[in-house]
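Below are the chains, spelled out letter by letter.
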Amino acid sequence: MEPSNLALFWTAVVVGSILVYVILDGFDLGVGVLFGTVRDEAVRVEMMNAIAPVWNGNETWLVVIGTSLFAAFPAAYAVFMGAYYIPILLLLCGLIFRGIAFEFRFRTERMRPFWDWGFFLGSTVMGFVQGAAVGAMIRGIPVSNGQYSGGVFGWLKPFAIMTGIGLVLGYALLGAAWLVLKSEGPLREWARRRIPWLATAVLAIMLVAFVTTKHLDPHARGNLQARPWGIVFAATGILALIAVIVGSRSKRDGFPFAMTVLSFLSAFLALGTMFWPYIIPYRITVGNAVAPDASLSFLFYGAVVILPLIILYTARVYWAFRGKIREA
Amino acid sequence: MTPGMGALDPVFLSRLQFGFVISFHIIFPSFTIGLAAWLATIEGMRLATGNQVYRRVFDFWLKVFALSFGMGVVTGVVMAFQFGTNWGVLSERMGAIQGPLLGYETFTAFMLEATFFGVMLLGRERVSPRFYFIACCMVSLGTMFSSFWILCNNSWMQVPIGHTIIDGRIIPANWWAITTGPIVRVRWPHMLLGAFLTSGMSVVATGAWYTLRGIHQSERRVMLHWGLGLVAVLIPMQMFVGNLTGGYIHKYQPAKFAAIEARWKTQQPASEVLLAIPDPSAERNLFAIEVPKLGSYIESGNWDSRELGLEAFAPEDRPPVMIPFFAFRIMVGMGMLMLVTSWLGVILRWRGILETSRWFLWCAFLAFPTGFIAVLCGWFTAEVGRQPWVVYGLLRTKDAVTPSLTTGDVTFSLLAYIVVYGTFGSFGLYYIYRLLRDGPSGEALAIPGATANRPMAVAGDAQTATGNQLRTRS
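Chains as they are written, first to last, in my numbering: chain A, 1 to 328; chain B, 1 to 474.
These aren't lab readings, by the way, just hints derived from the structure by calculation. All values derive from a computational prediction rather than experimental measurement. Cβ atoms here follow ideal geometry from the backbone N, Cα and C, with glycine treated the same way. Hints are not guaranteed to be accurate.
[Stated by the list, open to error] Chain B residues, not near chain A, derived (Cβ > 12 angstroms throughout):
1) L101
2) E113
3) I178
4) W379
5) L436
[As the list claims (entries may be wrong)] A few chain A residues facing chain B, derived, Cβ under 7 angstroms:
6) T67
7) A75
8) Q147
9) A201
10) A204
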C-alpha cells in the first residue's frame with residue numbers, strides 16, 4: 001500500500017523526533033556515562049550544571065516519539081513495544097532513576113553515592129537498550145498476525161549487544177564533545193583527551209556493524225544495491241568521525257560536537273536507506289502500519305500547532321543558556 | 001471466576017501492572033489539577049485585595065505544585081508506553097481512536113510546559129501582576145484540558161461511540177461524538193470535581209496541621225477558611241454529578257451496575273444494598289443491610305421498576321463483584337466524610353470557635369487522604385466494573401494482551417516497577433511531606449538552571465537545585 005501524504009507527514013514527524021531525540025538526549029546521556037568515570041565532586045557538579053537546564057526538555061522528544069508512533073502507526077507501535085518489552089522497561093527505569101538522581105543528589109549528603117550510581121547506571125542502560133534495539137531491528141523482528149511473535153529476550157543477540165555498546169560509546173563521545181563546548185579549564189581538557197579514544201572505538205564498531213549487515217542480511221544488501229547513493233551517508237559518517245579524531249585538538253570548541261552530530265546524522269540516514277519503506281524492517285511497511293486518514297488528520301491540527309511551539313521553546317531554552325557554564 | 005482473574009497468567013499480571021502504574025500516576029494529576037485551580041484562585045485574591053498573605057500562601061503551594069507536577073510527568077512517561085508493551089492487541093486494533101486522543105493529551109501537556117507553566121514557575125518578576133494571574137489561569141485550564149483527553153479516551157473504552165468497523169478495523173467516523181458524547185460530558189466534570197476536592201481537603205488538612213502546631217498563623221487561616229469553604233460548596237455538586245455518572249452506567253453498562261449493587265438476582269421491585277459481604281462463588285450475599293424498593297427508586301425513579309441482577313448476564317460477561325462493590329462504597333463514604341468535615345468546619349468558623357476546637361482540627365488533619373482515596377476507588381469501580389471488556393462490547397481484556405508475553409516476563413516487569421516506583425515514590429512523597437511540614441517561608445529564590453520542563457528544581461531552593469552551595473564551599 002502506498003502511503004498517503006498524511007502518512008508521509010507523520011513518518012516525517014516520527015523520524016524527525018527520533019533524530020532530534022538521539023542527538024539532544026544523546027549528549028546528556030553521554031555526560032551521564034562520563035559522570036561515572038570521575039570521582040571529584042567539583043567536576044561532577046560542573047558536569048551536572050552543563051546539562052541541568054536542558055536534559056528534561058531533551059527527554060520530551062522520547063514522549064513525542066512514543067505518542068506519535070501510537071497515534072499514527074498503531075500496528076508498528078504494538079510490535080515494537082512487544083518486541084522491546086525488556087528494553088522499554090529498562091529504558092523507563094533508567095529514565096526515572098536518572099531524573100530523580102538529578103533533582104535529589106544535591107538535597108542529601110548521605111544518599112549522594114546512591115543517586116550518583118543511579119545517574120550513571122540510568123544513563124548507560126538507556127543508551128545501551130536504544131543501541132541494542134537498533135541492532136535487533138537490523139537483524140529483523142519476527143511478526144505474526146500483526147503482533148510480535150518472538151521471545152522476550154529475542155532482541156538480545158551478539159550483534160545487538162555490539163550496537164548497544166556502540167551507542168553507549170557514541171553517546172559518551174557526544175557528551176564529551178558537549179563538555180568541550182560548554183566548559184573551560186580542567187573539565188574541558190579532561191573531556192578533550194577522551195574524544196579520540198571514544199571516536200576510534202565508535203568508528204570501529206560502526207564499520208564492523210556495517211560490514212556484518214551487508215554480508216549477513218539479504219534485505220539490507222538488496223536495498224543498498226538498489227540505492228547505491230546510500231554509500232554517501234556511510235562515507236560521510238566515517239569521514240566525520242575521522243575529523244573528530246584528527247581535529248580533537250582544534251582551538252574551536254564547537255568542532256568536535258558539530259562533527260559528531262554529522263556522523264550521527266549520516267548513520268541515521270544510512271539506516272533509513274536500508275529500511276525504507278519498512279517501519280518494522282522487512283515485515284511491515286509504513287503504508288501498512290499507518291492509522292486511517294481520519295485519525296491522522298484529527299491529530300494533524302494538534303501537531304502543526306504544538307511541534308513548532310516545542311521547537312521554538314527548545315531553541316529559546318538553549319539560547320538562554322548559550323555559551324560556557326559560569327562559576328557560581 | 002472471571003477469565004483472567006485469579007490465575008497468575010500474563011493477562012492478570014498485566015492488569016495488575018497497569019493498575020499499579022496508573023494508580024500511582026493518577027495521584028499526582030488529580031492533586032495538580034486541583035492545586036492549579038487553587039493557585040489561580042489565591043493569586044486572583046492577591047490581585048484583588050493586595051493582601052501579602054495570599055502571596056506567601058501562593059509561593060508555598062507553588063512549590064508543592066511544582067514537585068507534584070514533576071512526579072506526574074515522570075510517571076506519565078511510563079503510561080505512554082504501557083499500552084503497547086502489555087496491551088499490543090488493544091493498541092493495534094483500537095489505536096486509530098485511542099492513539100490520537102492520548103496524543104492530544106501529551107500535546108496539551110507540552111503546550112503548558114512550553115508556555116504559561118514557565119511564566120508561573122519562574123516569571124513572577126518578569127511580567128506584570130495581571131499577566132501573571134492570566135498565566136496561572138491558563139495553567140489551570142491546561143491541566144483541566146489535559147484530563148479532558150484522558151476522560152475522552154476512557155469514556156470511549158467504557159461506551160464506544162462514533163466509530164465504524166470496516167474489514168474488522170476500527171475506524172473513527174465521528175470525532176465530535178467521541179469527544180463530546182453523553183458519557184464524557186458527565187465523567188469529565190466528575191473527575192475535575194474529584195481533583196478539586198482532593199486538593200481542597202489537602203489544603204484544609206495542612207491548615208489544620210499548622211493550627212494544631214500553633215505556627216504560620218495568618219497563612220493557616222487562609223488555608224482553613226478557603227479550603228473548608230471550597231469543599232463545602234463543591235461536595236454537593238460532586239454528589240449531583242456522581243449521580244449522573246450512575247445514570248450512564250445504569251443505561252449502558254447494566255452488568256457493572258448490578259456488580260456495584262451486589263444484586264445477584266433480578267428483582268421487581270429492587271431493594272438497595274447498603275452494606276453486604278458478597279460471596280461470588282455462591283452468587284449471593286452472606287450478610288446484607290438492604291432497604292426494600294429503594295433500589296428501584298434510585299435507579300429508575302419509581303418504586304416498582306424491574307432491575308437486572310447478575311444472573312441476567314452470561315457468566316463470561318459478568319464483571320467481578322468484590323472490587324466494584326466495595327470501592328464504590330468507600331468512594332461514597334469518603335464523600336460523606338468530606339461533606340461532614342467541611343460543613344462542620346464552616347459552622348464552627350461561623351460560631352468563631354474553629355481554631356480552638358482541637359478535636360475538629362485533628363479530624364480535619366486526618367481527613368487529608370479522603371480525596372485521594374475517593375479518586376482511586378472511583379477509578380477502581382469504573383475500570384474493574386468494565387471487565388471482562390477492555391473496550392466495552394468490542395474487545396475482551398483477555399484478548400487484548402500482547403500475545404508474546406509469558407507469566408515470567410510480566411512478573412519480572414511488575415516487580416521492577418514496584419521497586420522503582422517504591423524508591424522514587426517514597427523519596428518524592430518524603431520531599432512533599434517536608435515541604436508541607438515546614439510550611440510557607442520567606443521569599444522564593446530565583447533558581448539558576450531551572451526551566452519549566454524541570455519543575456522539580458523549583459521545589460528546592462537556589463542552593464540545593466544546582467549544587468552551587470557545594471561549589472562555594474569547596
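Each hint tested on the structure:
Distance check for B:L101 against chain A: the nearest CB is about 8 angstroms away, which does not clear 12 angstroms, and the non-interface claim fails. At roughly 8 angstroms from the closest C-beta of chain A, the C-beta of B:E113 falls inside 12 angstroms, breaking its exclusion from the interface. Against the 12 angstroms criterion, B:I178 falls within the reach of chain A, whose nearest CB is about 9 angstroms from its own CB. A cut-off of 12 angstroms between C-beta atoms confirms that B:W379 is not in contact with chain A; the least separation is 21 angstroms.
With a minimum CB-CB distance of about 16 angstroms to chain A, B:L436 clears the 12 angstroms threshold, and the non-interface call stands. Interface restraint check for A:T67: the shortest CB-CB distance to chain B comes to about 4 angstroms, inside 7 angstroms, so the restraint holds. For A:A75, the suggested interface contact is upheld, since its CB lies about 5 angstroms from the closest CB of chain B, less than 7 angstroms. With 7 angstroms as the threshold, the beta carbon of A:Q147 comes within range of chain B, its nearest partner Cβ sitting at about 5 angstroms, so the hint holds.
Violation of the interface hint for A:A201 is found here, the shortest Cβ-Cβ separation to chain B being roughly 30 angstroms, above the 7 angstroms cut-off. Interface restraint check for A:A204: the shortest CB-CB distance to chain B comes to about 33 angstroms, outside 7 angstroms, so the restraint is violated.
The structure is inconsistent with the numbered hints 1, 2, 3, 9 and 10, although it conforms to all the rest.
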